[in-house]
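A.B. asks: Below are the chains, spelled out letter by letter.
4 protein chains.
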Amino acid sequence: MLETTERGREYHERVSAFMEELVYPNERVYDEQMRAAGNPHHQPQILEDLKAEAKKRGLWNLFHPHPEWGPGLTNLEYAPLAELMGRSPRIAPEAFNCNAPDTGNMEVFTLFGTEEHKEKYLNPLLDGTMASGFAMTEPAVASADATNIELSMKRDGDGYRLNGRKWFTSNGMHPYLGVLIVMGKTDPEAEVHRQQSMMVVPVGAEGLTILRNLSVFGYEDREGHAEVVFDNVYVPAKDVLKGEGEGFAISQARLGPGRIHHCMRAIGMAERALELMCERAESRVLFGSKLSEKANIQDWIAESRTEIDMARLLTLHAADMMDKVGNKEARTLISEIKIAAPKVALKVIDRAIQVHGGGGVTGDFPLAEMYAHARTLRIVDGPDEVHKRGIARAELKKYRKR
Amino acid sequence: MLETTERGREYHERVSAFMEELVYPNERVYDEQMRAAGNPHHQPQILEDLKAEAKKRGLWNLFHPHPEWGPGLTNLEYAPLAELMGRSPRIAPEAFNCNAPDTGNMEVFTLFGTEEHKEKYLNPLLDGTMASGFAMTEPAVASADATNIELSMKRDGDGYRLNGRKWFTSNGMHPYLGVLIVMGKTDPEAEVHRQQSMMVVPVGAEGLTILRNLSVFGYEDREGHAEVVFDNVYVPAKDVLKGEGEGFAISQARLGPGRIHHCMRAIGMAERALELMCERAESRVLFGSKLSEKANIQDWIAESRTEIDMARLLTLHAADMMDKVGNKEARTLISEIKIAAPKVALKVIDRAIQVHGGGGVTGDFPLAEMYAHARTLRIVDGPDEVHKRGIARAELKKYRKR
Amino acid sequence: MLETTERGREYHERVSAFMEELVYPNERVYDEQMRAAGNPHHQPQILEDLKAEAKKRGLWNLFHPHPEWGPGLTNLEYAPLAELMGRSPRIAPEAFNCNAPDTGNMEVFTLFGTEEHKEKYLNPLLDGTMASGFAMTEPAVASADATNIELSMKRDGDGYRLNGRKWFTSNGMHPYLGVLIVMGKTDPEAEVHRQQSMMVVPVGAEGLTILRNLSVFGYEDREGHAEVVFDNVYVPAKDVLKGEGEGFAISQARLGPGRIHHCMRAIGMAERALELMCERAESRVLFGSKLSEKANIQDWIAESRTEIDMARLLTLHAADMMDKVGNKEARTLISEIKIAAPKVALKVIDRAIQVHGGGGVTGDFPLAEMYAHARTLRIVDGPDEVHKRGIARAELKKYRKR
Amino acid sequence: MLETTERGREYHERVSAFMEELVYPNERVYDEQMRAAGNPHHQPQILEDLKAEAKKRGLWNLFHPHPEWGPGLTNLEYAPLAELMGRSPRIAPEAFNCNAPDTGNMEVFTLFGTEEHKEKYLNPLLDGTMASGFAMTEPAVASADATNIELSMKRDGDGYRLNGRKWFTSNGMHPYLGVLIVMGKTDPEAEVHRQQSMMVVPVGAEGLTILRNLSVFGYEDREGHAEVVFDNVYVPAKDVLKGEGEGFAISQARLGPGRIHHCMRAIGMAERALELMCERAESRVLFGSKLSEKANIQDWIAESRTEIDMARLLTLHAADMMDKVGNKEARTLISEIKIAAPKVALKVIDRAIQVHGGGGVTGDFPLAEMYAHARTLRIVDGPDEVHKRGIARAELKKYRKR
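Chains as they are written, first to last, in the UniProt record's numbering: chain P, 1 to 402; chain V, 1 to 402; chain Y, 1 to 402; chain A, 1 to 402.
Only chain P is shown next, with the shape it has when bound in the complex (with noise of 0.2 angstroms):
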């Protein structure tokens, strides 16, 4: 059985208690807090309540897989925390410092940071105190295939000039943002996979411009996604992740475990959809009967049941598969699970959408936001299609040999 450990189960337990007592029914103390501020990029009081209370618990940093810096949990220990962070997206993730792109970041900055990069944002991001950012996609240009990624990172004496322009970096407009992660273009000349780096830029470096947030299907998300211009700005050799030409592989040991997080997430979307799918179907009487005794809901419903429980499992499968064989060996699952649960998500919260009626659409349910949340995922990290033709590759590699 696809099944957590006593601790993984102990965990589920204490998160999920934090969850009733605190997190839903803060939902909306934070919605008030957001409306009062004015500002979509506010920091709400009652996140910094939240997160405090989550370090009290010890329920902190639950995504970081190295025992130093957290509780050491494995994919699929953690994998079902990550589902209950995202029965409540906006607060739950941020709340137990679990939330994307910090927690990637944090991985590279465990694995390939510098003392001096551990000190200056490893700490304080394992602290909650500081959020960063990852600038990898480029407006101009299909980002999936991460040869035409054009930033250009210029060797300039004992450093490196960075000029170009991203977006949809996430954690953008986020107040407490400290450092950016950015890949780009070193070598334009080299073997494929050998062209790029990653490098480390502070907020404050000069040239570099937060220019405005991308809004998604109308919401100003609070940490943002950012459109940002690099305008000749100075990387010293020091600030180069792991060396460089090695963007690519940092991107890749990267991707694996924030993908199981985006997509547990989902699948908590899903069945915090289905939960209230099922309770409006109760309580709406239309045409003599109660809309939860109609077989077209109750289709919808099963259907429901059915594709979020084969997601999970396939979720679960792939972060076992990680766990046991690694990231490089699971990669077509990851795939797998990258098309599955964005797909299987934003089926059921559209049919509870539809169960809400024009409610549904709405900020009084919180589906609309997780229907824009969701769809985005079929595309960050790579579109469907690109994901989809790794997997065909794949298998037809393996009919090739035969």
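Keep in mind the hints are simulated off the structure, nothing from the lab.
Just so you know, these numbers come straight off a predicted model, no measurement behind them.
No residue lacks a Cβ here, since even glycine has one placed at the ideal position from N, Cα and C.
Only part of the chain P face toward chain A is listed, based on derived beta-carbon distances under 10 angstroms:
1) E275
2) C278
3) A281
4) E307
5) A311
6) L314
7) S335
8) E336
9) D384
10) E385
11) H387
12) R389
13) I391
14) A394
15) E395
Please arrange chains V, Y and A on chain P, whose structure you already have, making use of the hints.
C.D. replies: Just chains V, Y and A now, with coordinates in the frame of chain P:
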């Protein structure tokens, strides 16, 4: 052939020219004026300029079937114009004074209004100097079943007292809002289709509160979809439209043409999305070839072209039947387009979003906003499922007769 | 309006009456005669009787556009008749002498045949005393790309030597089979669209073997879809249609109307399936209510009604455009119906099967056989994907010009 | 991990080797022997040879959970073996004596049979020298609602008189058919789940007629799906299984494992179809490149891989839960796999057919027959809609409790 007339073709050319010359090029201006105003319900100058120009060119109140008030086009003649307007949905319908719910309200005032109503409301509406709302949907009940409507209209001397709550009252945040047409229950004991009445309530009436706007996905639509509270609002008997108990009958008369308009605008949105999809697919390169050369993108384009053509033909056919046999006989066809056109629009827009990658979900392209709008069309004026029920019952009746 | 003419309406009434009086009531007789014969390729007496009656009533060769040979109906006039015939697909098309591939072959002989061809083949075909095959598809190559066609037609003295293998040669098992029109490659060096030729090969030619029938799902269709071997078959030069290198051109001319016929017959099958679905849903009770009262079955009925209406309008529109602007200009529309109509038919038939429970997949209802037939339509005359590619390229070309 | 045991893995290897060595290479032999026999219900020699060899190798009655009669594998251990057998569905299940409905009937005889039943029926069934039928579904009623079952079982002295009609009695045409287990109504007045009984009726009983076979999409399956008439058939009281009124209870016990088997075989079919699809896509060239290089075909392969993986995990999870918490507790999961696995199989097989072009619908590839079989799985043992209703009700109950 589902062909328009010579007159229809001429209007089509003129509206098309207006779109090319004045609407598309000013979409950016519109965005800038809205952003500068910092108020999502601002009435931007460019819109007033376009209205003035459209009026000058005789492209005004094109929807109005009565020659006294507009060109007197048939549904089949007007439908292709609505499609053109749908291509720029935030600007064009209002620029031609053809936006919902004013169109439907103007029809209602034309058919059932008193002289006083015509002078006070119809004339400024036809002039584009007033906006109006249609208060039908209620937050507390499944409003698709009209018998669920709960807003109470109790006799009080020579008039009525209105108590209740509505939402999704479009135009509710429009700065020009002058009047509401309100659906409510005058007699809970009457025969099912005689329980409701429609009344005219001016903005400013005592006890009437426009409580708040409802966002749609994350969008605060300019005209607004308001929650409205009626706290003992007094309506004199002369402001009951057509007579007590006529609410249901008026709403039947009102909805037919409105659905044609909605569907044709949805098809216009889909065409625009397909255009954007093709342009993007031509301009982006991934793994060595243009997106437009990849067989999966080609499949999407072909399916979109085919689905749009089918939805358009069905809608034109419904329009033609409305012209020939009337709203009532064409009722089932109107339900068919009501489920078909938004479904096609959503599929096409979703594909276009995917082809645009990250940009597709942002405000840099009109796609995400179109999606939010089209998604709402699956709910307003009765959710899909209610229309499907009607179509099925009509179909089954046919076979029962055999 | 996509309306037929007065003449078209009159034929529609007469064909409809023929179906009601003579075809539907004899479906059982047909089944019995076929079963009794114990030979799936038997020509049952009832079919000959129906042919005689149709001929007597002047409902003969209705498809033929040339007034000399039939009523000379336009595509738009004939299309609704093809729909009626599709409702009883094993009997009606042949009863009216309107079955493929004879229809297409008769057109080819009419346009490109010599006097000898007309006397020996066209006349008996028009008479319904001979059947003919069209040998195009090959088992060894993806035949949708005509340039893949490999059957060799090598010059030999005053004629040609044919060597190769064809399959899916419909009518191949027909007891009246008299002649084949064969597509092959005369000049592999010529310009791509000039490499192929079409030749006339009488049954009985030396070296020609009708090898076997191909079942479709588990059905051995009466007319048969044969695998045919050409082992050095000699064809004199006078039996090359239109001239060497004209194969591709003839096939373009031939396919347009045939696709209208296929699609309208598919729509006729879908209508019949919807009718059966409604009747069954009315007659079965499950968990205390009729199937027809359950919301999911109602959804299926409504979606079927809507999808059929859309597919029919698109096909009629394509027929009308063929009449008005010709096969070539209407090419993209014809590709659109080619993918749309079978898809709709399959969806509707599949739902009807499900409503019939176990009975739906058996020979007790015509549904499973209709499904098998409609599924095949997604492949013959080019698989969906080839048509989608063509539609997309036409669409992209449009946007490129801007 | 949903992992089988060491023992399970060992059986998997042995069954897999048997398939590679003896089943796949003999599919053609099987076809030839069937064709030569000219009787679709012929028992070909190759099958008897394979049975003998499987028995010799100890790969016999693998399904049987009771160690006395087979290896005593758990559901989780047996499931992957059923998948392997599904890859060659006409041969493998019977070769290992693991074919339905004999498996279910053997379980019923093991659990509820008398000593006489065991000697007369169970032993030859376990030996593979007898075949058995399960007469449940009736042509006249929606049998998914067991309370609709109408076959009358009236008390008559020391026994019962059976009158009624069944169909879809699988194995009904099997030359070895020796016995039927029959579901009928003993007491129409009893509490709903106590009205039915199951009785044992030997072939040859007076009044019992195997009327005819039902074709499935044109296929006359070898084992047959028979319509069976009971005309006053006498059954002594000792042949009532478990006791009067226990029919429903037995059927619940019987169905769980059978559904796991069906679903795993469906997944095996899907895997085989994916394999064929990949091989075909690798070998065909269209418009200048291999089908396997086209993005739409790659999408199909990737989606197939992902959907199969999800359906398999869900089915293994259900098997595991059956082992751990029992049939009853796992009921909802079993309904989930019942709708999920055939749906996935149909999608994958349909794509494989399309990639094969014309050949895909013929008997030259196993795809069309697999499709027909998988389509039937959406109906037998209760149509999808009945299972969805059950899943939805379980889900809604959960939310009601909150």
